[in-house]
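Novice: Protein sequences appear in the order of chains A and B. Residue 1 is where the first sequence starts when you use our numbering, and the numbers rise one by one after that. Residue 1 is where the second sequence starts when you use our numbering, and the numbers rise one by one after that.
If you are wondering where the hints come from, they were derived from the structure by calculation, not from laboratory data. The C-beta atom is built at its ideal place from N, Cα and C for all residues, glycine as well. Fair warning: there could be bad hints in the mix.
[What the hints assert, rightly or not] Simulated DEER-style distance windows between Cβ atoms:
id : chain 1 : residue 1 : chain 2 : residue 2 : range
1  : A       : Ser-67    : B       : Asp-254   : 58 to 66 Å
2  : B       : Tyr-125   : A       : Glu-195   : 58 to 66 Å
3  : A       : Gly-11    : B       : Val-122   : 31 to 39 Å
4  : B       : Tyr-139   : A       : Asp-184   : 53 to 61 Å
5  : B       : Tyr-139   : A       : Arg-40    : 55 to 63 Å
6  : A       : Arg-57    : B       : Tyr-125   : 18 to 26 Å
7  : A       : Asp-123   : B       : Arg-176   : 16 to 24 Å
8  : B       : Leu-164   : A       : Arg-57    : 57 to 65 Å
9  : A       : Val-168   : B       : Val-122   : 46 to 54 Å
10 : B       : Leu-302   : A       : Asn-41    : 51 to 59 Å
11 : B       : Ala-113   : A       : Tyr-16    : 32 to 40 Å
12 : B       : Tyr-139   : A       : Ser-68    : 43 to 51 Å
13 : A       : Arg-57    : B       : Met-128   : 22 to 30 Å
14 : A       : Arg-57    : B       : Tyr-139   : 35 to 43 Å
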Amino acid sequence: MVDNALLEIDGIDAFYGRSQALFGVTFSVGRNEVVAVVGRNGAGKTTTLRSIMGLTRVRTGTISFGSSRIDRLKAHQIARAGISYVPETRDPFSLLTVEENIMLGYRSGSPYDLKRVVEWFPDLAGLMHRRGSELSGGQQQMMVIGRGLTPGPRLLLLDEPSQGLAPVIVKKVGETLSALRKEDLSVILVEQNLEFALSLADRVVVLENGSVVDQLSAAEGRQSPERIERYLGIH
Amino acid sequence: MNADGEPAGVSDAGVSKSGPHLVSIAKVACVIAAVAVLPLMMPINIATEIMIFGIFAMATNLLIGTAGLYSFGQAAFFGAGGYAAGFLLAHGWTSLPLVFGFAVVVTGLLAAAVGLVSIKRVGIYFMMLTFACNQLIYYAAYSWRSVTGGEDGLAGVRRPVLELPFVGAIPFDDNRVFYAFTAVLFLVAMAFLVRVVESPFGLVLAAARQNTRRAASLGYPVAKLQLVAFIIAGAVSGIAGALFGMLYRIVPIDSVHWFGSAYVVFMVVIGGTRSMIGPALGAFVFIWLQGLLSLTWSRWPLLLGLFVVATMIFQPDGLLALLTKRPAWLSGRRERSRS
Chain A
1 MVDNALLEID GIDAFYGRSQ ALFGVTFSVG RNEVVAVVGR NGAGKTTTLR SIMGLTRVRT
61 GTISFGSSRI DRLKAHQIAR AGISYVPETR DPFSLLTVEE NIMLGYRSGS PYDLKRVVEW
121 FPDLAGLMHR RGSELSGGQQ QMMVIGRGLT PGPRLLLLDE PSQGLAPVIV KKVGETLSAL
181 RKEDLSVILV EQNLEFALSL ADRVVVLENG SVVDQLSAAE GRQSPERIER YLGIH
Chain B
1 MNADGEPAGV SDAGVSKSGP HLVSIAKVAC VIAAVAVLPL MMPINIATEI MIFGIFAMAT
61 NLLIGTAGLY SFGQAAFFGA GGYAAGFLLA HGWTSLPLVF GFAVVVTGLL AAAVGLVSIK
121 RVGIYFMMLT FACNQLIYYA AYSWRSVTGG EDGLAGVRRP VLELPFVGAI PFDDNRVFYA
181 FTAVLFLVAM AFLVRVVESP FGLVLAAARQ NTRRAASLGY PVAKLQLVAF IIAGAVSGIA
241 GALFGMLYRI VPIDSVHWFG SAYVVFMVVI GGTRSMIGPA LGAFVFIWLQ GLLSLTWSRW
301 PLLLGLFVVA TMIFQPDGLL ALLTKRPAWL SGRRERSRS
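So that you can see chain A by itself, here it is in the shape it has in the complex (with noise of 0.2 Å):
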């Protein structure tokens, strides 16, 4: 566990069905901090994610954000809380334009205003009224993360950004990521691509088969890189 920690995981079992998926997840996440939780497809990632989101509900163990519990809490009253997520899948509203999808989550007082999603992604600027589906998946991607960003959040799920992406454009993501930092903001990372999560994390948590295996700094995963590869199945 971390000091002043935004969010706290402690000892988290979540199942599908009669399935189990997370054993006992402990982890936190610091203000201003930005953690990669990363592992091999099926450890538990996004389950986790889910988990803090409330969209998958955690049997045992309890999640705190600030001084609340909110492992309890429905998705909308987490998301009002201050967490937004990113899912992996995107999900753009097809239905709607960018601007509508940005802005969708919008609440009074939020620093981030279509505005700062905008110089933060200038590709979207023309787009504007495009329908979501309208977009290529980089497009998207940086639409669904300014819609996670103007609800005004304290803490970011970001659910594998990078997956499916030019490398231009995950460079492109990955400088924004970076500019996000000097705000007022934690982020989950989760990411397959490991060296675009050290590139970006402060500390690194490591999931295999839905329990937490190992946990590092970024400085030591970028140095010895091998101690989360063998989790990965690099080596």
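Dock chain B against chain A, hints included.
Specialist: Then chain B, alone, in the frame of chain A:
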């Protein structure tokens, strides 16, 4: 987002909305012209009926077209509105605000009760629950003879009197005056429902229709907002039902029958769900065809059914789309279906 869970307007956050454009003005002009011309084309009561079912179909389209809630129980609110207003009018209360206010409150509460039971169910379960509630309300109306008249219907419904400052009392006994009144309510209902659909609230309903969990993840209590939409649709349907009772001076038991729920869905589908003009057009075509076909063959419902089937196969986007784009079967390619 404000305290009620609605998003702040897009224009609040750095992007201004474009002003009224020519297409919108043209649409409004066409609708007003159609409403003005309609009673010249057909018997005044049929024109009035089209206005009434236009209101009913537009209210239903808030659920079907915007929220993606396929309710098969809307006739319950149409009929309940008729009974609520009709009961007052048959017992000597003719104040217009009182009569419509009572109909809106009764149908709003009824819709809240049905919505609470059904709104969290999806797909076929939602349809069946709304259908079952419709049948429950039908049998309640059938049995409650002292209020509804049971099988004979609630007779003796008078038309209310509109008191206007400087003008005085305007009685609705003249069918042309009643048409004008109904047409004004039709236009007001259309403007109101368009405003609802285009509001941030409507935007969230549309988003939730596509992905309920994602909309919830943005902080919206989706079920509550859908319930509000269900109540709005029920209350507006109740106004239509109240007008129907006034038109024929009776509220028949059929007005609360599930057939009405199916018919209004047909109207919405025939006209098209993408705007509020579509359901109004659907109501026009349905009522007009019903009248026309019933004069030509005693088994006219068969022809009407064939027309509905043909529309769904060859013009799935509704008849309104014929005016805006070539149909799929003419252009040789299918439009991607809506999610």
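Novice: Output the numbers, in ascending order, of every earlier hint that fails for this structure.
Specialist: Numbers 2, 7, 9 - these are the hints that the structure violates, sorted from lowest upward.
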